[in-house]
Structures are given as C-alpha cells and as structure tokens.
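Asker: Taking the hints into account, I'd like the entire structure generated from these sequences.
Okay, here's what each chain looks like letter by letter:
There are 2 protein chains.
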Amino acid sequence: MVNLPSNLKQISLFLERLPGIGEKTANRLAFYLLRLPEVDLKEFAKAIADLKSKTKLCRHCYNFTETEVCNICTDDRRDQSIIAVVESVLDLLAFEQGGIYNGVYHVLHGRIDPLNNIGPDDIYLTQLIERIRELTNPPNFTKVSAGKRINGLKEIILATNPDMEGEATAMYIKNQLKILNFRLKITRLGYGLPIGANLEYADYMTLKKSIENRNGY
Amino acid sequence: MVNLPSNLKQISLFLERLPGIGEKTANRLAFYLLRLPEVDLKEFAKAIADLKSKTKLCRHCYNFTETEVCNICTDDRRDQSIIAVVESVLDLLAFEQGGIYNGVYHVLHGRIDPLNNIGPDDIYLTQLIERIRELTNPPNFTKVSAGKRINGLKEIILATNPDMEGEATAMYIKNQLKILNFRLKITRLGYGLPIGANLEYADYMTLKKSIENRNGY
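Protein chains in written order, with my numbering: chain A, 1223 to 1439; chain B, 1223 to 1439.
I should point out that these hints are in silico values taken from the structure, not numbers from a laboratory.
Computed from a predicted structure; not experimentally measured.
A couple of the hints might just be wrong.
Any copy will do: because identical chains look the same in the list, a pair fits if it lies in one copy or spans two.
Claimed, not checked - Simulated crosslink set (DSS-like; lysine-lysine; CA at most 27 Å straight-line):
1) Lys1276 <-> Lys1246
2) Lys1264 <-> Lys1274
3) Lys1278 <-> Lys1231
4) Lys1396 <-> Lys1407
5) Lys1264 <-> Lys1278
6) Lys1246 <-> Lys1264
7) Lys1431 <-> Lys1400
8) Lys1231 <-> Lys1396
9) Lys1376 <-> Lys1407
10) Lys1246 <-> Lys1407
11) Lys1431 <-> Lys1407
Answerer: Right under this line is the structure:
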C-alpha cells in the first residue's frame, strides 16, 4: 500500500469521518483541495480552527449564532408568539429558505431515539419547557433582548420530522405540555401528498393521511 | 433568509465548491464539524493550511510525495523497467490497493479532453516523453535517487481510463512514442467483462470486447 504524504492522508482520514463520505470520496476531495488557491485554503483552515469558539447557540431558541441571541429571535417583524419546535438547524433553514413561516423557533438539536440511547434529557427539551414557562407567565414588562415586550405565547408547532423518532418526540413534548397544563395551542405539521408526487409511488401511510386530510374542492 | 454565523457560512460555502457537494450537504457537513472535538478541528485546520506547501509532486512520476522522489520510485523491490501511465493519483491508488502491479507509474494529472480545452500540453505528457528518453538512452551508471542502476525501460502500460477521453489520451501517447521511435513495448489495459458482472446489463462495447478477447478454457 502506497503512503500518501502525511498531510494529505490526515486530511483524507478526517474527511472520512464526516457523514456520507467514504474512503474513495475522501481521497478525491483531499486531492481536489490541492488544486484550490493557497489563500482559500488558509482562510478555510482559519474558519475551521475558530469554528467552535465563534459559533454559539442562541440563548432563546438554540439556533446557531455569533451573538448571544440569534437574528430570528431579535427580529421585530417576526411573530414571537408562535414557536416551531424543530429537530435541527437544517430543518430551521429549510423553513427559512421557503420564507413560509414568520414565527420563531426552538431547536432541539436531536430527537428522542431510544434505540440510539437518546432520551428527553439529551436534547434541548427542558430548555423549551423553561422558555414556555417564562413566556406564558411573564412578569410585568418582560422584554426580549431586542427591547420588544412579549405578549405571551400563543402556539407551539411541533415541527419534528414525520418519521418514527420525530413522531415519538412530538408526542412526548405534547404530553409534557399537557401535564404541565400550559394554556397553549399545540399543533403538528400537516400530512399528505407532497406536491409533485406520483400516487403510484406514494407509500401507504402518506396515502392514508391524504384521504384523512382531504379538503373541499 | 436566516444568516448563519459567518464562520459556519464560510465553511459551508467552501465545502460547496468541492465536487459532488451541494448546498444542503455542505450545511450538513459544516454542522457536523461543530460536533467534533476542538483539538481535531485545529489539527485538521493545520493540515489544510499546510497542504500545498507540504505536498510535492515526485520529480520522476508526479505522484504526490513529501520528499523529492516518491516512495514508489525509490522502492528497490519494484520493477523500474515498467511504467504504467495513469490519469490521476486516484487511479494509482486503485492499483496499489489491489497490490496487483509491481512496476512504477507516471501520473498525467489529467487527460486529453478537447471539449474542456485540455490538450497534450496541459497534462504531464512532455515530462513522460522526457523521462522515457532519459531511461532508454541512459548515460553510463545512471542512477535513480535510491542508488539503484536503471537497466533501461522495457514497457509502457497505457493505463488511462477506458472511456472516450482516456482512449484518446492513450492513442495520442502511443502515436507520440511511435513517432519518436522509442524501442519499447507499449501495452494497453485489457478489456472485457468486469468480475461479478451480469451479462444482461453489460453494455454493447464491453460485450464486444469480451468476445474479441475470449480465452481458451
């Protein structure tokens, strides 16, 4: 077995640790890096070295941020009375790219997944409960950091993924909120056929939901 | 559109420039990096920053190396009289991982591809011709850096890919070597059905070659 230069080997082995990247892809990527301009590589290296120290979690919603509070939580134009609970920042980005949602978020950074030993305490769930508690029992003149008064909390949208773990997580959160007796509207994302779908290839559960959730036409 | 922290955004945009990585994958990888230990990220950053300055091309075969001459060219146990001409170091690695080839290599770092404006002068072809010239007309006691005497060159294996550009490159090199009248055996990789293949799904050209190259049994 030929020895790659140690630097190249090190980069390749590191890339191999990333999800979805195998040995051959890692090598191909490492070799591709060699062709990029030196200055770009140095900048990338600096960004990687500073990544963890420069990236914080928003103290309200746990989105990634450079400041104490993220730019969604400080945005005056957004409806701070609706919180969408998502599993990951990637899910948050999916909603944001669509520009279809004007409330705020709470990022769990995971989902309840007993098979992988991830329980309610391993995700940002107690923080959600605490946040809801503060927002539904606000002392007079509670302020968010943008300086806007919070007029209570109206709705929690459980926006976890429509798969087994996502459903379990949504169900768990719903039960917790019920037990704690918060006066809140709790909703779940709508199910049905995705736009552009082909009925022939749709799965049984999706078809079932599309019948159950049929609309007047 | 939400703004990711600038560091995270920078890393994501950089990853997006790599082959086969789109925006969503780049985001997913960048977020994954956040979960890795700080020390690993720093080491990776250092390797990236030093990548270009620490990686050289072997001055014989243009394989990646840390030293002047790569460890294949300096390996006494290898047959220095056979050179396999490959398009990339990835192809070299494929042969090496198999452990099926004991000669040395010449890496072209590309292939002749007129549609993408890559001509014979854009790959390490003149270097190959020059290397062959030196090896076939050796002054007395020519030495490679390992200190071993070269007993001339016997064979050039054109090991470019079996696709259009790879074939064109092999053909071009063959013609050049013919014109320059080197006394050399020139061979091309064998064609036929890949092991484990299914005849039903084999393409026409492969089937044709498998008939032409049939062996006694």
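Asker: All hints, please: hold or fail.
Answerer: Going down the list of hints, with the structure as the test:
1. Taking identical chains as interchangeable, the C-alpha atoms of Lys1276 and Lys1246 lie at most 27 Å apart only when they sit on different chains, with a minimum of 22 Å there against 32 Å within one chain.
2. In this homomeric assembly, Lys1264 and Lys1274 come within 27 Å of each other (Cα to Cα) both inside a single copy, at 17 Å, and across copies, at 10 Å.
3. For the homomeric pair Lys1278 and Lys1231, the shortest alpha-carbon distance between copies (14 Å) is at most 27 Å, but the shortest distance inside one copy (31 Å) is not.
4. For the identical chains of this complex, Lys1396 and Lys1407 are intra-copy neighbours only, at 10 Å inside a copy versus 76 Å across copies, given an alpha-carbon limit of 27 Å.
5. For the identical chains of this complex, Lys1264 and Lys1278 are neighbours both inside a copy (23 Å) and across copies (18 Å), given an alpha-carbon limit of 27 Å.
6. Proximity of Lys1246 to Lys1264 under the C-alpha cut-off of 27 Å is found in both arrangements, the shortest distances being 24 Å within a copy and 24 Å between copies.
7. Within a single copy, Lys1431 and Lys1400 get their C-alpha atoms as close as 25 Å, which meets the 27 Å cut-off; across copies the closest is 70 Å, which misses it.
8. In this homomeric assembly, Lys1231 and Lys1396 never come within 27 Å of each other (Cα to Cα): the closest approach is 48 Å inside a single copy and 34 Å across copies.
9. Taking identical chains as interchangeable, the C-alpha atoms of Lys1376 and Lys1407 lie at most 27 Å apart only when both belong to the same chain, with a minimum of 6 Å there against 81 Å between chains.
10. Taking the shortest alpha-carbon separations for Lys1246 and Lys1407, neither the intra-copy value of 50 Å nor the inter-copy value of 32 Å comes in at or below 27 Å.
11. Only within a single protomer do Lys1431 and Lys1407 lie at most 27 Å apart by alpha-carbon distance; the minimum there is 22 Å, versus 69 Å between protomers.
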